[in-house]
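S.K.: One-letter residues, chain by chain:
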Amino acid sequence: MTLELLRIDDRLIHGQVVVGWGQPCEIGFFVLVDDAIAAAEWEQELYRMGTPPEMAIEFVTVDQAVQRLAQYQADPRVGMLLTGDIETMDRLTAASPGLRQVTIGGLHMKPGRVQRMRYVFLSPAEQALLQAMVARGLTVVAQDVPSAPVTSLDEVLRGDGTA
Amino acid sequence: MMMSERRAAVVAGHGRFAEGIISAVAQVMGEGHGLVAVTNADRTPEGIEQAIREALDRTGATVLFTDLPAGSCTFVGARLARSIPALHVVTGTSLPMLLSFVAGGTLEKVVEQAQAGIRVLGEGR
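Those protein sequence lines, which keep their order, are chains A and B. Quick note on numbering: my numbering labels position 19 of the first sequence as 19, and the sequence is numbered without any gaps. When you read off a place in the second sequence, starting at 1, and then add 163, the result is the number in my numbering.
Because the hints were derived from the structure by calculation, they are not lab data. For glycine and all other residues, C-beta sits at the position ideal for the given N, C-alpha and C. Careful: at least some of the hints might be erroneous.
Claimed, not checked - Using C-beta positions, here's what the derived DEER-type ranges look like: (1) B:246 <-> A:95: 44 to 50 Å; (2) B:282 <-> A:110: 31 to 37 Å; (3) B:195 <-> A:63: 53 to 59 Å; (4) B:210 <-> A:96: 52 to 58 Å; (5) A:24 <-> B:249: 38 to 44 Å; (6) A:162 <-> B:267: 21 to 27 Å; (7) B:249 <-> A:49: 19 to 25 Å; (8) A:85 <-> B:285: 21 to 27 Å; (9) B:191 <-> A:94: 54 to 60 Å; (10) A:94 <-> B:193: 55 to 61 Å; (11) B:192 <-> A:114: 16 to 22 Å; (12) B:249 <-> A:155: 29 to 35 Å.
To be verified - Computed list of chain B residues with no C-beta within reach of chain A, every gap over 10 Å: (13) 183; (14) 194; (15) 197; (16) 208; (17) 231; (18) 245; (19) 247; (20) 268; (21) 272; (22) 274; (23) 279; (24) 281.
To be verified - Not the full set, but computed from the structure, chain B residues with beta-carbon under 7 Å of chain A: (25) 202; (26) 205; (27) 232; (28) 234; (29) 235; (30) 238; (31) 241; (32) 244.
All chains should be built: construct the whole structure from the sequences, respecting the hints.
M.R.: As structure tokens, then:
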């Protein structure tokens, strides 16, 4: 499987992703799964502008991502798939039984969310969605950059934002 | 010596980048530089946009300096520039760049001086 990481990050493509993960992991392609951005040419251009030329980027809807998953996994390059929220990743993984692990890379402060880690804030509904993913057999962890420890969902949900 | 014209700009980036680089400007040029710091730390893209927009409104600045071309502040700035035609977003911000801006340089001059400020020194280069 060459999809190195399925990452939930409300900033999608940004410094941590392109530099923090992209360079040390030699990421060859990003798959950005977002129904709205898949239909917004200007937004796509913006993300292309911020991505180094050696890293390809593809913009797809959830349905398109489900259809193309086998193609991504057969790609000889190392890939990273990104969603901007838990709900999108939940839809994707529910329709793609072969996926095994989801990583929370960054979900920041919004009304209704409680801080669990330095870079993870969750609402009760989001917490329930993550627990539903685990109940379906997925491993859910948090890790913002490659050098950071991997934190299990149980540890995340016990957190108070100090870790 | 007083600066003849005080031009405002917002500096936005990761962690304490903006706060730190503005403190360096103040050390070189003194206070009254017109630069305001915004961090992306703990903020969603919507939160970053709100913070930058508030800083632009408060200062009347039409220039946004950001740290990283692929950074969230740069993406937010590029989106803001669609709705604020007067806004210029300059990324890859360095100390020579901000010093040139505070000294009254045009954006072309600012970029030129920043590029000229990149050098590799020493025998091992």
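S.K.: Next step is simple, just say for each hint if it's right about the structure.
M.R.: Comparing the hints with the structure gives:
1. B:246 <-> A:95: 44 to 50 Å: Given a distance of about 36 Å, which is not inside 44 to 50 Å, the answer is violated.
2. B:282 <-> A:110: 31 to 37 Å: violated, 44 Å
3. B:195 <-> A:63: 53 to 59 Å: With Cβ atoms ~55 Å apart, the hint holds.
4. B:210 <-> A:96: 52 to 58 Å: Since the Cβ atoms of residue 210 of chain B and residue 96 of chain A sit about 31 Å apart, the hinted range of 52 to 58 Å is violated.
5. A:24 <-> B:249: 38 to 44 Å: holds, 39 Å
6. A:162 <-> B:267: 21 to 27 Å: violated, 45 Å
7. B:249 <-> A:49: 19 to 25 Å: This hint holds: roughly 21 Å between Cβ atoms.
8. A:85 <-> B:285: 21 to 27 Å: Violated, since residue 85 of chain A and residue 285 of chain B (Cβ atoms, about 47 Å apart) do not stay within the stated range.
9. B:191 <-> A:94: 54 to 60 Å: holds, 56 Å
10. A:94 <-> B:193: 55 to 61 Å: holds, 59 Å
11. B:192 <-> A:114: 16 to 22 Å: violated, 43 Å
12. B:249 <-> A:155: 29 to 35 Å: violated, 47 Å
13. 183: Holds, since 16 Å exceeds 10 Å.
14. 194: The claim holds: residue 194 of chain B sits with its nearest Cβ about 30 Å from chain A, beyond 10 Å.
15. 197: holds, 26 Å
16. 208: violated, 6 Å
17. 231: Residue 231 of chain B is in fact no farther than 10 Å from some Cβ atom of chain A, at 5 Å.
18. 245: At roughly 8 Å from the nearest Cβ of chain A, residue 245 of chain B sits no farther out than 10 Å, so the non-interface label is violated.
19. 247: holds, 15 Å
20. 268: holds, 25 Å
21. 272: For residue 272 of chain B, whose nearest Cβ neighbour in chain A is about 24 Å away, the distance exceeds 10 Å, so it holds.
22. 274: holds, 17 Å
23. 279: The assertion about residue 279 of chain B holds, with a minimum of 24 Å to chain A.
24. 281: holds, 18 Å
25. 202: violated, 12 Å
26. 205: Given a least distance of 6 Å, the restraint on residue 205 of chain B holds.
27. 232: holds, 6 Å
28. 234: Holds. Min distance 5 Å.
29. 235: Holds. Min distance 4 Å.
30. 238: holds, 6 Å
31. 241: holds, 5 Å
32. 244: violated, 10 Å
Checked against the numbered hints given earlier, the structure breaks hints 1, 2, 4, 6, 8, 11, 12, 16, 17, 18, 25 and 32 and satisfies all the rest.
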